[in-house]
Each structure stands twice: as structure tokens, then as C-alpha cells.
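S.K.: For reference, the chains in residue letters:
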Amino acid sequence: MITSFLLKSLDRSIVVVVAILLGLAIAIPALNLLTAPDHPLHVPTFLVSLFGKYLTYALLALALDLVWGFCGILSLGHAAFFALGGYAMGMYLMRQIGARGSYGNPLLPDFMVFLNWKELPWFWQGFDMFWFAALMVVLVPGLLAFVFGWFAFRSRVNGVYLSIITQAMTYALLLAFFRNDMGFGGNNGLTDFKDILGFNIQADGTRAALFAASALTLALCLVLTTAIVRSKYGKVLVAVRDAESRTRFLGYRVEHIKLFAFTVSAMMAGIAGALYVPQVGIINPGEFEPGNSIEVVIWTAVGGRGTLIGPIVGAILVNGGKSIFTAAFPEFWLFALGGLFVFVTLFLPKGVVGTASAYLARRKAHRRAADAENARDNLVAEPMAAE
Amino acid sequence: MYRILQTLLITLCLLVSAHVTGLRAADDLGALISALGTAKLAELDDRIAALAKSGDPRVIPVLEALGEGNLYARKADGGVFLTTEKGTNLVLVDPLDGADIGEVPKGELQKIKVNNAVRRAVRSALGGLTLFSADAEARLKAAQSMRQTPNAGALEAIETALAAEKDAAVRKTLDEARAVTLLVSDRPDDDKRAAIKALAEGGGREALGVLTSALSSADASLKPDIEAALQRIEQAQAFWNAGQNVWYGLSLGSVLLLAAIGLAITFGVMGIINMAHGEMVMLGAYTTFLVQDVIRGSYPALFDWSLAIALPLAFLVTGIVGLAIERSVIRFLYGRPLETLLATWGISLILQQSVRSIFGPTNREVGNPSWMAGAFELGGLTITWNRLWIIVFALAVFAALLFLLKRTSMGLRMRAVTQNRHMASSMGIRTPWVDALTFALGSGIAGMAGVALSQIDNVSPNLGQGYIIDSFMVVVFGGVGNLWGTLVGAFSLGILNKFLEPYAGAVLGKILVLVLIILFIQKKPRGLFALKGRAVEA
Amino acid sequence: MNQTISQTKPKSLLYLDGVSVSFDGFKALNSLSFVIEPGELRAIIGPNGAGKTTMMDIITGKTRPDEGQVFFKGDIDLTKRDEAEIASLGIGRKFQKPTVFESHTIWDNLELALNRSRGVFPTLFYRLTAGDKARIEEILSTVRLSARRDDLAANLSHGQKQWLEIGMLLAQEPELLLVDEPVAGMTDAETAETAILLKEIARTRSVVVVEHDMGFIRELGVKVTCLAEGAVLAEGSIDFVSSDAKVIENYLGR
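Protein chains in written order, with the working numbering: chain V, 1 to 387; chain L, 1001 to 1538; chain W, 2001 to 2254.
Calculated directly from the structure, the hints in this document are not laboratory data.
Glycine included, every Cβ here is placed at the ideal spot set by N, Cα and C.
Where hints are given, some of them may not hold.
Per the computed footprint, the stretches of chain L lying under chain V, defined by three or more beta-carbons under 8 Å from a beta-carbon of chain V, are [said to hold, decoys possible]:
1. 1398-1410
2. 1509-1521
Take a look, some chain V residues computed to stay more than 10 Å from chain W by CB distance [what the hints assert, rightly or not]:
3. S13
4. L21
5. P40
6. N105
7. K118
8. W124
9. A134
10. M182
11. F199
12. D204
13. V236
14. V238
15. T247
16. G291
17. E331
18. R363
Partial selection, computed: residues in chain W whose CB lies under 7 Å from chain V [as the list claims (entries may be wrong)]:
19. S2103
20. T2105
21. L2112
22. K2199
Next up, chain V with everything else stripped away, as it sits in the complex (with noise of 0.2 Å):
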């Protein structure tokens, strides 16, 4: 049953994205293992970690992709699910640092010894074991969406509000985080990480191997997402959106639908997030920025949304230009920003992925219309020979 589920997301476009996604997860790597630095072809490590917070954005639009490209919800709060997986990883790594710290103490984190706390808070027990981390960064988003999304979508909240109250409850968090009391490290956050699963984060090799974890769980996701979409499931996602009145009316309850697809895209998020930190090397409360998630929203529109690569080619597009633009005109890089939310909803409301499709699409058509007209031609001149 879940070969044959999965087996459907096989079209071609896909396989293609999966393959290079795969390529490049063998071929960054060796380029920048196996390569002497002053070698052409050579990747700096940096370079290494940027592609894979790339990678790790990509993500998290796909994510976001599931719930608005395929039933029209506006989550403003995929920043939110991101930044709590995110976190989750984030203690495990604090609690990896062990007695290395500033202050030398072998069980509590470095910001807790400076407030004074005596023991580890009940909610960072456990997160010494990755699996449980790991468990974590999946159960702690997928469950604040499962809760939030059952309320909501059981109350019909839609649109733009429930848009809204998703930006409302990321504020809250990012409120939340701020305080030190809550016991993440306030202002700072987490960071200073040294070890993930026994090996240096600072080494290449870590660094590689993050880039690989991210671009095959990157395409993972995809060949997941593709099949929840291509079933009759995701037939009854693009259904919801629409017409969610007459989905309703056929009986299908529209609020599992939603809370289903919400729930796996904010795991899919958390997911990004985890593997985000140790790349970037730190989490703090900034994450949860409310311009966080319209960003996200806009990485998936230049893509395209309700395309499946869209997300990730506009994921790559705009950070790849945040990152060449900050460097040379950090001044623009706004103006620029802004002016894309523009240009895009105004002229390409398909994003560059669902244009270039929808236009490959029509000269398809056009040929095959041509074809025809070919075939018929040749009828009419060729039955004389068949004879």
C-alpha cells in the first residue's frame, strides 16, 4: 500500500529534481573533501554550510507549499514550527557542550549557570539523547500545530484570519522566547554548539555531511510531499480550497482534511529548522520574527505555488540573491526584497515554476494541435498512394 502510494509520485519532473538533489548530495561533499583548496572545482566549507541552509529553506517553503499551494491556507506561522525545531536541536546540542562551557559545568548550560538556576528545568531532560532530539523537533511543531489547527479549523476560521492568528500565535512565541525565564536563553538563544553525535560541527566533514542530511531529507520530503498530493487525498486538499463549502457538502470533513496537512507540513518545518541550526550554528528568539514567515510565503510564490518545485527553486532564487545582494549593496537588499513581493503578486501570480510549466504546457498543446492538423493533411493527400 505505501509502495503503490509512493510509487505515484514517480513523474518525471520529479525524478529529475530527486536525482539532482541526490547528485548533489554525493557531489558538494567530495568537492569539498576531496578537492585541495586552490583546485578549480573546489567548494570552501563555508560555501558548503551556505548551500545547505539553502537546502534547509527549501524545505521549510515545501512545507509551507502543502498547506497554501494545495488547500489555500496562509500560514504565517511556518517560521514558528521551523524555529521550535530549531530549538529542540539546539538543546541537544547545548547539552552535547557538557563541562566545555564557560562556566565549566558538566550538566547545566552556560546562560542557566549565569542566572543562578541550580538544577536542569523539566523540560530539558532528555534532550542529552539525539533519538529523543530527534523525536522532538517532529513531535514539538506537529503538536502545538495539531492543537492550534484543531481549534481553528474546527472554529472555520479562514483566510486571512486564521492567516492572522497564525502571525498572532508566532508573535506570542517570539515573545515568549525573549524572556529568560523561560529557560531557552533569552536575547541570546542557543549557540557555542561543539559536538553533534560525537563529531566536531566546526570539521569539513560535518559540515559535509550536514549538507548531504539536508539534501537528501530535502528529497525525502519531496517524494512524500508529491505523493500526498498526487492521491485522492490531495485531490481533496486542492478541492478544499477551491470550493470548501461543497467539499463539505459531498461529506468529507473538511476540518480533518486541513488539520492532516497542516500537521505535516509543520513537521516538515520543524524538520528544516533542526537541520538549519547546526549549520548556522545558532537559534534565538529572532526566529520567530513575523517577517520570518512572510518571507518564507514569498520564497514559495516566486516558485510558484501548488507546483512542487516551485518552492524550492524560489527558496534557492531568493536567498541565493539575499546573499549576493546584502554582500554588495546591503542597502538595496530591502528594496529589492520588497519590490519582489510586488512584482510577483502582480505579475507572476504563478510564481517562475508554474509560468514556465503552464507555458511548456501550451506549446505542447500547440504542437499537438499541429500534429493533428499534420495527420489530417496527410489523410487527405495519402489515400490515393494507400490505394
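Starting from the structure of chain V, add chains L and W where the hints point.
M.R.: Positioned in the frame of chain V, the structure of chains L and W alone reads:
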């Protein structure tokens, strides 16, 4: 700032009056002042009393300088001067006519030494002196200081002053000062009981402090009275605290109302998710800054009018920006609220960065005109003028808007277009222009809110971001499309926030409010004052 | 009247008794009572604002009545259930404005409407069986859309969208079908075909049709209920109802 102005004013009055009374007494007074220079520490008390007896207002700065250790005697001739330090030198000022005499090295002067006993004598002498001052403000201050540090010796002076006092506010303070002083005096217990009763009636933090300290030293027979009085005052204080919370809540509510009211039009009436709304507020605040900047540079006399000038300008500036946004972007996005959200967010980024590029990323100074500075007391409440004006302003804007929408033909057209665009346009209303003007109106009101908010918030490019989520919460909570809902929503959220703050702290209080709103929206997805029926779903 | 109605309750398919609902003081339904028998085709007429759409909203669970009883198949209380539950009980509804899933193909529209398990996981792992295929083919030919199965629903004409929606209702296999103005915006030929279609459908299930088009109702030739101001004004054959003095005054006009 206000305090300094006040002192300056008083000094000015004193100087003028000194000049008018003439120089006849100068010699006398000069001798008394010079006597301070030669007095031993033990004799100072008498000399101070003698000075105080003169009743001359010119004595005040001298005594003040003495108390603060700024009174020096010249070693050469024993002349006494007021001084201010300047490096290793002292600047001398003549105690009688206030003339600047010049700088002298410290070594040429001898400081007139004081101890705590002398300081106390100075204080009560000053109090006594100013109790009879011609200036009511000065008398009030004196009475307040005597209430704060009761001194049995001053009781008679207070009673004399009380008999002559006409000003109600001063009388009240004097009454309290008398009661407080009486408690530390050796008058009969019955008088003291009456004083305790009077204090309890007056209430306030000072009375509480005085009675608490009196409790330990009082006779056993008085103790029950004092305890009862204390309880009474505490109850009254709890009441006033609640009142103060309501006031803070109203004040926060008015800020929320100001921030949200423009949004109530663009979002509530037109259904546009305008994420650049906060930036309109920000632009309004920067307009105020510019106006004040020009006034400071060229027409300082107009400073008190700066807000009145800034208001229409801010309305125009943000209205025009709003109009431009509507015509260039939003009009292509009607019926696609989520896209509008994204596009206006982009616009907000551009506006923020523009302001940052032009004015820099740091806070800009926007001053309070004098009529917005300071505070006054109302019962047990302290009410600052700027908060009061902002509440008045918010309500005025609300009323004006309500009038515009409900009673003018423009408002009628706006409502017609938002209710049934098709029908409105077939009745000859030019819907595109109504859209544009409605949006411009919402933006303009946000700009006017910015003028008011510049008075209580930092004017920086990020100003607007702080308001955007709150504004949306207010509009959604109150019920979209209902101006009254916005009003009630703003004030109830403001008051709720301020009542939670003492228990939960400011940040946690805010988080709680957000969570409560989220829960509330689950219960009533369309807000407090929701429209009902079939039309809503269409 | 109530006496007779409560006696009919056990064997009726749909049973409304004393249903009232008001919006902001406006009484949309005012103690409305009527009964639909199994296998019945019923037409409902009435002026704008008579409460026809509100009545459908109440039956399908979109609106809750302020008071009154609504029972399906004798003892299923509809006022306590939501739209999805009521739909799975076997009540299908066609909207006034045709609503189909525009970005799905005709085929997918029908596949989604098929009466199969509608939970998250059953749909996630759903595979199209031969039986389901045959059923969809059958409906496609019933609503005359076989040739366009792979087109997007968005590209259909107005009348075709109406038929697709009726086809979706058939796929849902309801016992009771509520149809709101099925021939609005249709050509005369399409209207006549729709009447035939509805009569065909009514052979196997109950159908309630709300319509303004008197010609169409005459063509149906069934029992007619006239609503006005949220209550039943008259009930009976089309000739009986259209000669009723109150109906003429309220609806048909003199």
C-alpha cells in the same frame, strides 16, 4: 524639563519682586548674610532663624546654597557668596542682587560648613519662609516638604499660614502637613486623634508613611486609632490603584484605537489586508519630526503649535502615499486578500528602508509641546497630560470618522461600494475613485495617529512594526466592518492588558492577551460585534 | 396540523416541524413545517426572501434553527449534526450558483464525489477500483459529459457545470437530493433535458427542487409547496397552488 522651567519662573518672579521692594533693606540683610560667614557651627541655627525672620525672599537662594554646601566666605574680607564650581575655580554670585562677580581659585574662599542639624534647620526655615511666599506654587511646595519631613517646631508657622491661606490645593496640603506635624508634637491626645482622622480622610502614600512611622512611637492609647486609619488608607489606595490601572488601560486602549482605526477602514470596511498600515503610522510620526525640525530651526515660537501643524500635513502625506499605493498596486488585487497581504508587506519593507536611508536607522527626537507635558492629580490618580490628550484625540478621530461614514454623502458612497460594488457602479458611483479615496482616508488617519504616537513612542523606522499585529488583533477582536467594535475592542484589550500586567508582568501579560484573543476567535470567529446572516457568507 | 405531521414522522424521509430561525431580528423562517416522503419529487416555489435557501441551509446543517425539529428517516436529528455528517447520511445539495472544483478534471470531480470512505487515511491510500471506474463512466454518460472527462471543470459552459454538479450529487448516492434553481441561466433545450434528468433521478430517490421557473415546474408535474415569509403558504398540485388566492397575491401576482 517642566521642573526646571518652573524653578526658573519662580526665581524670575523672586528677582523681580526683590528689585521692586528696593534696596533699603539691603544693608540689613547683607549684614545678616555676612554673619553666616563668621558663625560657628553651633551658632548657625540662630543666624538661620534670624534670616528666616526677615521674611525676605532673597534669603531663599542663600539658604538653599547653604544647605547644598555652595555658600562660601571670602578669606580676604569675609564676604559671603553663592558659588558654582567651574574646574578648580568657583564662580561667585552676589547673594543680594544676583550679580555675577567672576571666577576665583578655590583657595581664596572658605566653605561655610554645615552638618545634618544645620541642614534640617535650613529646610524648615526655607519651608517657613516659602509658606508665606506670594507665589501659590512655592507655598504648595513648602507645604509638601513640611508634610514629608514633619518638624514639631514648625507647627505654629503652619497654623498661621493655614489661617491666611486662600488657595484650595495649598490649604489641603497644609492641612495634611499640620496633621502630620501635630502627631510628632506634644499636643493633647484628642488633638492627635483628630489629626489621625484627618489624615485617614486625606489618604495617600505620605499619610501612610507618616502613620506607619508614628505607630511605633505613639502612645498605646493612640495605636488602635492609627491602625484603623492605616487600614482605611490602604483600602482607599487599593481602590485608587484599580482606578490607576483603568486609567493606564484607557490610555493603552486609546493608543490601540489610534493605531487600529485606520485599519478598521482599510481592512474592516474594504477588506484589504494592509500590512503597510504600520508604516503609515510611522510616516505620520516622521512628518511630525520634520515639522518640529523646521520650527526649531526657523520659528521656535511656534513650537506649541507644532502638532496642530503636523496633523493636517501628516494626513495629507500619508493620504497621498496611500492613494499612490492603492492606484499602483492594490487595485489590481481586489478579491485576492492573501495576495494583498504579500504585496503590502513588500511595500512596508520599501517604506521602512526608504525612511531608514533618508533619516537614518536611529530614533529621531520629537518633543512634547508644553501643553502636553506634565501631569496633574485627580483624587488618588496621577494623570499625565500627554496621555489625556491622546485619549481625547483618539475619541475625536473616532467620532469624526463615524460622522463621515454615517452622515456624509462620501460615507454613503463608501458604504455602498463596499456592500455591493456592482449595484453601486450601476447607480453611477465611480467605484474606482471611491476605493482609492477610502484607502487614502484609512491611510491618512493612520498618519494622524502617527502624529499622536510620536509623543509617546520612539520615532524610528521600526515604529510601525510594533503596532501592526496589535492593530489587526483589535480589528479582528472587535468584529470586522464595525467601527464601534474597534472602539470597544481597543479599550477592552487595553484595560485587560493593564490588569494582567501586575500579576503576570508586561511581557507575559501581552502573551496572555494574545492567547486569549486566539481562543476568543475560535469561539467567535467574526469578533465581538459580528454581522450575521446569509450575506456574510456570500 | 401538528397532529397529522407527527403521525407521519416515522415513515417520512424528511420531517420539519415548527422550524424558526432569525438573523438580527429578521425572521427568515417562521415555524416552517413540512414532510417529504421516500421517493417523492417535490417542487418548492416562493418569492425572494421566502426562506427557501435558509430552509436548505437548515436541512444540510449549515445553519442551526432557533427552534423546531428536523428529522431524517424518522429518527435522525439533523439539528445536531454538521454538513459533512449530514452529507454522509445521504443528503446531497446543489447550490444556486454551480459549484464544481474548477482546477480538477471532470473525472476527478466525480471521483471525489463518489460515495466512498472520506477520512484522511482512506483517501490518502485510495486506489481507483474497476467498480468505481464503471460507476464514474455511467454517471458521465448520464450527465452527457463523457467526451470531456479529461478537461478541467473550469472550461465547461454554465449549463454543463450545472449538470456536472448534478452528476456529482448522483455519485454521492444520496437518498435525498436538494436542488437549488437547477435551470437558472439555461437555454430552453437544456431546461427540458434537465427536467427529464431530474425525473429520472427521482425514480430511485427523493428530490426537492427549488425553482422560480413556473414552466419548468409544470414540466415536472409534481406536488408543489409555496413558501412565503418563512412559512408554508399552500401545498398541492401546481394547478391547485397557482389558483390559491394567497399565492397569487404573494408570489405570482395578479
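S.K.: All the hints need checking, so say for each whether the structure fits it.
M.R.: Hints, verified against the model:
no.: 1; hint: 1398-1410; verdict: violated (count 0)
no.: 2; hint: 1509-1521; verdict: holds (count 8)
no.: 3; hint: S13; verdict: holds, 18 Å
no.: 4; hint: L21; verdict: holds, 24 Å
no.: 5; hint: P40; verdict: holds, 47 Å
no.: 6; hint: N105; verdict: holds, 46 Å
no.: 7; hint: K118; verdict: holds, 46 Å
no.: 8; hint: W124; verdict: holds, 34 Å
no.: 9; hint: A134; verdict: holds, 24 Å
no.: 10; hint: M182; verdict: holds, 34 Å
no.: 11; hint: F199; verdict: holds, 37 Å
no.: 12; hint: D204; verdict: holds, 41 Å
no.: 13; hint: V236; verdict: violated, 6 Å
no.: 14; hint: V238; verdict: violated, 6 Å
no.: 15; hint: T247; verdict: violated, 8 Å
no.: 16; hint: G291; verdict: holds, 31 Å
no.: 17; hint: E331; verdict: holds, 42 Å
no.: 18; hint: R363; verdict: holds, 18 Å
no.: 19; hint: S2103; verdict: holds, 6 Å
no.: 20; hint: T2105; verdict: violated, 10 Å
no.: 21; hint: L2112; verdict: holds, 6 Å
no.: 22; hint: K2199; verdict: violated, 23 Å
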